[in-house]
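Required output: the full structure, derived from the provided sequences and hints.
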Amino acid sequence: MSQINLHEIIHQQQEQLAAMQAQIQALLAAQGGAGAGGATTGPNVGSHMEVAKPAIFNREAGRVGGFITACRLYIKIKLRGNTVEEQIQWVLTYVQGGSADVWKENVMEELEAVEVEYESVEEFFAILKREFGAGEEELVRVAELRKIEQGGRTMEEFVQEFKRAARESGYKGRPLVEEFKRGMNGGIRRKLMEAENLPTSIENWYRRATALDRNWRESRREEERLRGKEGSDGKCS
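In numbering that gives the first Met the number 0, the protein residues as written are 0 to 236.
Where hints are given, some of them may not hold.
Pairs of lysine-lysine residues, derived as DSBU-like cross-links and limited to a Cα-Cα distance of at most 35 Å, are as follows [as the list claims (entries may be wrong)]:
| id | residue 1 | residue 2 |
| --- | --- | --- |
| 1 | K128 | K52 |
| 2 | K128 | K77 |
| 3 | K162 | K128 |
| 4 | K52 | K103 |
What the hints contain is simulated information worked out from the structure, not anything from laboratory work. Here the structure is a predicted model, which is why all the values come from computation and not from measurement.
Below, the structure is given as structure tokens:
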């Protein structure tokens, strides 16, 4: 999956979550207003509210979490009075496309044959996430890893943050080295690439990049100290 697609998925999820948060705030405001006016607040308090329905879920990687959140919010506001089976059937109407259709048909057949019973829609959501959510957190970690850059930080600081993101990204070997090279500052990267013997492992890259960065910073401090000394000597003369 390309970096562009990962960023698009994360952006779409952020937009969905922002819309859901706005709806939750509207619901809380409606409940507060009803309580202040003395009206009864019951299961149908949100029945006349406009609530965004979830986007079609077609098993696209990285989308199951946002899909479940959207369904959960809609059910809480609009379908609280429905049975668990009705709520699940409603969720299944938004599961469409490819192998997701096959899975949906199997679930519907199990429900109709009473081969399986769900005590709550949350139990169904757990199964849905287990079925389609494998690797979703890994995708988020990969996107995070690809955004990390050294910038003005020391190499030690950059390496520690990079290691933390790398642990759960699934990256190893050459792909991990390439991401590390991309994130470090250009001057250090060029020095390492021009070296007679390139590092052979990610740990060697960490170690040699840190040493080069430390030497460069010490050299700059020494130059600044000497310039300051020269300026001071000039004033004395």
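Exercise. Which numbered hints are broken by the structure, listed smallest first?
Worked result: none
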